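Below are the chains, spelled out letter by letter.
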Amino acid sequence: MHKILLAALLAGSALVSPALAADLRIGLQDDADVLDPDQSRTFVGRIVYTSLCDKLVDITPELKIIPQLATAWSWSDDGKTLTMDLREGVVFHDGTPFDAEAVKANIERSKNLPESRRKSEVKSIDSVAVTGAYQVKMMLANPDATLLAQLADRAGMMISPTAAEAAGADFAANPVCSGPYKFVERVQQDRIVLEKFADHWNADAFHFDKVSFLPIPDTTVRLANLRAGDLDMLERLAATDAAAVKADAGLQYAETVSIGYQGITVNVNNGDRAKNPFGEDARLRQAFELSIDRDALNQVVFEGAFAPGNQPFPPNSPWYDKDVPIPARDIEKAKALMKETGHETFDLEVQVANNPVQTQVLQVVQAMAAEAGFNVKLKSTEFASLLAEQSAGNYQASQVGWSGRVDPDGNIHQFMTCKGGINDSKYCNPEVDKLLDAARTSNNEEERKAEYDAARKILAKDLPIIYLYHPSWIWALDDKLEGFVPYPDGMIRLENVKFRS
Amino acid sequence: MLSYIVRRLAIAVPTLILVSIFVFTLQKLLPGDPALVMAGEDRDPAAIAFIREKYHLNEPILIQYAYWMKAVLQGDMGISLRTNQPVLGLIGDKLPVTIQLALMAIVIAFVIGVPAGILSAVKKGTMIDYVANIVALSGLSVPNFWLGIMLILLVSVNLGWLPASGYESPFVDPLRSLKTMIMPAFVLGTSLAATLMRHTRSAMLGVMKADYVRTARAKGVRELAVIIKHAFRNALLPIVTLSALLFGELLGGAVLTEQIFTIPGFGKLIVDAVFTRDYAVVQGVVLCAAAGVILINLVADVLYFLVNPRIRSTL
Chain A
1 MHKILLAALL
11 AGSALVSPAL
21 AADLRIGLQD
31 DADVLDPDQS
41 RTFVGRIVYT
51 SLCDKLVDIT
61 PELKIIPQLA
71 TAWSWSDDGK
81 TLTMDLREGV
91 VFHDGTPFDA
101 EAVKANIERS
111 KNLPESRRKS
121 EVKSIDSVAV
131 TGAYQVKMML
141 ANPDATLLAQ
151 LADRAGMMIS
161 PTAAEAAGAD
171 FAANPVCSGP
181 YKFVERVQQD
191 RIVLEKFADH
201 WNADAFHFDK
211 VSFLPIPDTT
221 VRLANLRAGD
231 LDMLERLAAT
241 DAAAVKADAG
251 LQYAETVSIG
261 YQGITVNVNN
271 GDRAKNPFGE
281 DARLRQAFEL
291 SIDRDALNQV
301 VFEGAFAPGN
311 QPFPPNSPWY
321 DKDVPIPARD
331 IEKAKALMKE
341 TGHETFDLEV
351 QVANNPVQTQ
361 VLQVVQAMAA
371 EAGFNVKLKS
381 TEFASLLAEQ
391 SAGNYQASQV
401 GWSGRVDPDG
411 NIHQFMTCKG
421 GINDSKYCNP
431 EVDKLLDAAR
441 TSNNEEERKA
451 EYDAARKILA
461 KDLPIIYLYH
471 PSWIWALDDK
481 LEGFVPYPDG
491 MIRLENVKFR
501 S
Chain B
1 MLSYIVRRLA
11 IAVPTLILVS
21 IFVFTLQKLL
31 PGDPALVMAG
41 EDRDPAAIAF
51 IREKYHLNEP
61 ILIQYAYWMK
71 AVLQGDMGIS
81 LRTNQPVLGL
91 IGDKLPVTIQ
101 LALMAIVIAF
111 VIGVPAGILS
121 AVKKGTMIDY
131 VANIVALSGL
141 SVPNFWLGIM
151 LILLVSVNLG
161 WLPASGYESP
171 FVDPLRSLKT
181 MIMPAFVLGT
191 SLAATLMRHT
201 RSAMLGVMKA
211 DYVRTARAKG
221 VRELAVIIKH
231 AFRNALLPIV
241 TLSALLFGEL
251 LGGAVLTEQI
261 FTIPGFGKLI
271 VDAVFTRDYA
281 VVQGVVLCAA
291 AGVILINLVA
301 DVLYFLVNPR
311 IRSTL
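Chains A and B supply the protein sequences, listed in that same order. Under our numbering, the first residue of the first sequence carries the number 1, and numbering increases by one thereafter. Under our numbering, the first residue of the second sequence carries the number 1, and numbering increases by one thereafter.
Bound-form chain B, shown alone (with noise of 0.2 Å):
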């Protein structure tokens, strides 16, 4: 197991630095010249000029990549262009603020998808079956910056129940910073409880006409115990697999969430960065959104012994 882990790890290293030189040619692609950028409105050449060799934008890219990469193998991702800060404690700041956001999110898309995606399973043909599929077909369809824009006029301005935007940190005032989740959270768990649904629902029906799901059922197991125990946990390790790879929707989705809400976290950094043609942001929140990628992947592979140990004996 431990030297499973090891080599998944080891062939991290090198998609990492695929990435890294992905992300930093493919912004250089972008049109626009940041020194114009940053200059500002008056466009003063010799600020231009100061940036440029200040952000070593004159050298060749080949150049710029080496000081970029020798820096953050010393832990330095350099300093955002626009506002000074340095890189990595921006992504230290605004990453447990989309942690946040992106568990609140699973738990919800886990509360909803799950039990749907079950009942419509074992109800399948009925009535309720029908309406979970429509539902989970409407929150696949609807978009998130019409359905966030729409709970805060309902919710905030004419109910006056929650904050329209912004955010609180949980260690500061834990009430406020779950009020200012909320919303935000449901949008995004809702797109992902859909898929999840849809998803359990399938895996559920495949494993419901299993032969040990038959043989439980003669047995005179109650009909619970044969739904969550003998076919549920079948079941489970599709949707694990499905889970981690969601993960990397849910950066996606948060992107836009966050920029409804106007939650400070990485999604708004990057969607800033990237407009704003900040390139060191870009490169720094590009390469740990990688980095966390791969790292839930490799969390659901370890999850996969856990939960059926027929894998453990393939290794």
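This is chain A alone, in the form it adopts within the complex (with noise of 0.2 Å):
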């Protein structure tokens, strides 16, 4: 009798200590959103897509559009159709085989869900061909050159037809993709777990059984985790405690500047507030600028971590424009062009969303402004109220940001164009319309570039958005995991990550 129970009790703990199971515990630092692609908006969530749900195309850390599910694709000489030859033997979670059929239900789910966010991104295609087996027509109603970069992100998220079909809107409490991990559960605003997918096409790359992705909103309570050792690798690491993680010997420290932006939003045309001189003259947003010392800023605000910039795209991208190069402080000028507008001081208002962060970079800017004569005045906001205001014109100044896109046609054309979606300023001239809308049908890299500066030359001087900096992406990792590459867009990319053996 004894011996039976022994046995059963010894039979129950070898089940219960599973053989050196590797769980990652990842700690971001928002809860993410509605998990499904088509759906979702927030950042996290396509951290927590890029192991879960695998997309047409991916990037290179150096932005290059490379194959993920589509092996290889060709467009037609007049760049109208997109034609992508796609990987054979893949399947999604749930067992249905990955096919062009499954491709084509996926873009007109993004197209026709009513829910769907993506509705936008994939505007440009009229319609998918399924031309054999594992390979698809996808037929423009215009040339769109920012498509394969959309494909690389959600809009190119492939989720299994069957599970679609059957969920409907409410796909995201049990997402099925073809990622690395399968989704095992959420609980709201304390974690999400996924684990190994083992018949993934790329499985031998990925080394974890299990991922956990955990919220922690509080960047010293989220060091404070990885410190304690309860979680394995962190994001967006506050600047400010970078010294102290690069001083840590249990910890590593990781960054790259991202391909996102925050500036400051003039209200050049929205309404009556833009009329003033702030945002009817430009001679006086220049002078702004030329206040302003972008390196003193980083060093001040960000430890000189992120990137001080100019442009919609960060000095290192093959995009920037090195003809228009980053200012350096000018008070005289500055005030010499003050003169010019007939003014000796200006009052400013410039709105701010009422983080320390983002406070603390207006104060800088406020106190160097005071040297050319601006009287700038803050006004902090909550962020929703902020966003408000900016769209319906009530603002003078606002400063804000952009994520950032890959294709920099993102960066940068719904914020100067005339009819631009998020064109706060409503900054509109023909010139730089036409040029832009150039640029975004060409499949041409160098004649894309030439648009893009002859673009630049002119914002640069009518400035409807004074860009400041961009900000740097940081993870923290704990010391014993290695193989972890960081890329411009934030992303947590666990090929070839593993603990140290």
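Hints were generated in silico from the structure; no laboratory data involved. Just so we're clear, the structure is a prediction, and the values are computed from it rather than from any experiment. Where hints are given, some of them may not hold.
[Unchecked claim] The following label-pair restraints were derived from C-beta to C-beta distances:
| hint | chain 1 | residue 1 | chain 2 | residue 2 | range |
| --- | --- | --- | --- | --- | --- |
| 1 | A | Pro114 | B | Phe145 | 40 to 48 Å |
| 2 | A | Trp75 | B | Pro86 | 42 to 50 Å |
| 3 | A | Val485 | B | Glu249 | 29 to 37 Å |
| 4 | A | Lys480 | B | Leu205 | 55 to 63 Å |
Here a beta-carbon is modelled for each residue, glycine too, at the ideal position from N, C-alpha and C.
Build the complex: two chains, separate frames, hints provided.
Here's what the structure looks like:
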């Protein structure tokens, strides 16, 4: 009797202690929203998808498009047909095979699901034709140079058509994709748990049995969790903690300049609040820009971890216009420009989101601009209100940023064209429109670069947005992790990441 | 007694209706457009229009309220604008977490606050009294978020005794649940303990001067029995009242504590919902919290009967 009991106990303990489980715990700054690539809109959601859902194409750290589920692609001469060859032998987490029909169903869902947030991203696709079991042709209404970059993000994430059909808009409760990890559970505001998908086409490159994403908004607490061993890595370390992490032998530090930017959007044409000298006379905006020392700003607020910038693309981007470098601070020139416009001093109200970091940025700007004669008044508001005021035109200038897109078009077109969807300054210049419209339809990179450069030269004078800096994505990792590669889109790609043996 | 409870519950109905109107109108006064927040960074006009349509944001506020009330009365609190999960389910998930935190905090507050209050009343004017008062004053003055972060740094990072944050249900892993909750409960409990200590002290001081305490002493009753049986039992009444009031404070404190320790409870739910303008969640949570406070006050009133027989005769 005792022997049986002992045997049962032993068998039980063998069951509860799995052999060397490799579990990875990642601390996120926020909780993700709906876990449906077609419906979601948060940055952290995309971090989760990177492990959960494969895309048609992916990017390199240098932002080149590379194969993922599509192995090869080609454009027709008129730029209106994109032919994609698909990877064979791929299955979704529910066993549904991945093929051309699945791609067609996915693109159509992105276009037609009433709740879809991807509509504008796949707008240029007129229809998808299945031209083979593993080949699709996307027919476009007009040439669209940005499409591949869109397909390297949520619009290109492939979900199981069987699961999507069954769940409809409730897909998020149990998302089924084809990524290296599959969905296990989600406790809102607490954790999202994924486990290894053994049938993934590239399963050998993924080394964890389980990946948990834990939203911990407070940066200090997030770091404390990493130090206490409750996390293995975290995203968006506060720049002010960078020195401490670098000095800690138990931790690793990783950073890369992001494709996003932060700047000051000026109301130049959005309703009555634009009717003031700062909105109407570009020379005042130039004076304001000349009063700012972007390097000092970066040093003071971000301990030098970010990248100063004066364009929608960071200085290390191939799209950066080197002919328009970051202007050096020049108070005398700023004062001279102000004098030209008939002002010794100028009162300016800038709205800013009421978080400590953005407030500090603006306080530094405020102090710098004061030396040129600007009396900057900060209007600190909570972000939702800031956005509403900005969109309604009820502001003079507003400190706001953009998380950035892989294709350069995503960082500039919708802000700078007359009918741009998020052009809150309502800047409108037909010449700029012409250049930016042309740049988004050409598949020739040199031509595009020339067009962006030409637009840049106009925009650097008109300054509807005064770009300040490009945030860096900063990660802190436990020292026992190896193989992590920082990407400028801020995603965490777990391919070849593992614990040191 | 039963009729009293029924009467009290009847009064609760108009209170809850008033609360629902307040919540609904007040959050409409919040600046910022929920559709704009929900639409994400791209602010696609089609998406904004869809959201306005789906959540009746285009309708006049009265109609919106009617839609909501109608659904609530049918037991449907709507779905979260952010994650598409049903609000009632969310509340059902989060409420037990906060109740666990609150109960543990109350226990800690009582264990520390009441004996400290009795002791400092009995030893009035001595060193013990002064020390207890200084500790209580520091407990009241030290902000939760500071104490929380300091404890995390000390206990989790430096000593490695407890997890720095997170949550586990007691039904899944009781030990880990206790480990994750003890620090936040302590942070939340200590500030309450301070209030409790000061009230216990003053209530005890009042009672200690009463005739019946003097009589008990004159009869030769042991000092400990005088304090516990004669004095403390009579001092308990204001403490019970206070505890009910403290429950509201506890919910408020839980908001902050849950934020620091990343506990997926009620408080974190409402803070996140306010910032993302997740109206349905804010409304549901506030309504439930109001119902909770009303219920706790009712329980406190019922406890009066049990603690003090004199009140029973006045009804």
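The hints, checked one at a time:
Evaluation of the 40 to 48 Å hint for Pro114(A) and Phe145(B) yields a pass: the beta carbon distance comes to about 42 Å. Checked against the hint of 42 to 50 Å, the pair Trp75(A) and Pro86(B) passes, with Cβ atoms roughly 45 Å apart. In this structure, Val485(A) and Glu249(B) break the distance hint of 29 to 37 Å, their C-beta atoms being roughly 49 Å apart. Between Lys480(A) and Leu205(B) the C-beta distance comes to about 59 Å, which sits within the given range of 55 to 63 Å.
Comparing the model with each numbered hint stated earlier shows that hint 3 is the single one that does not hold.
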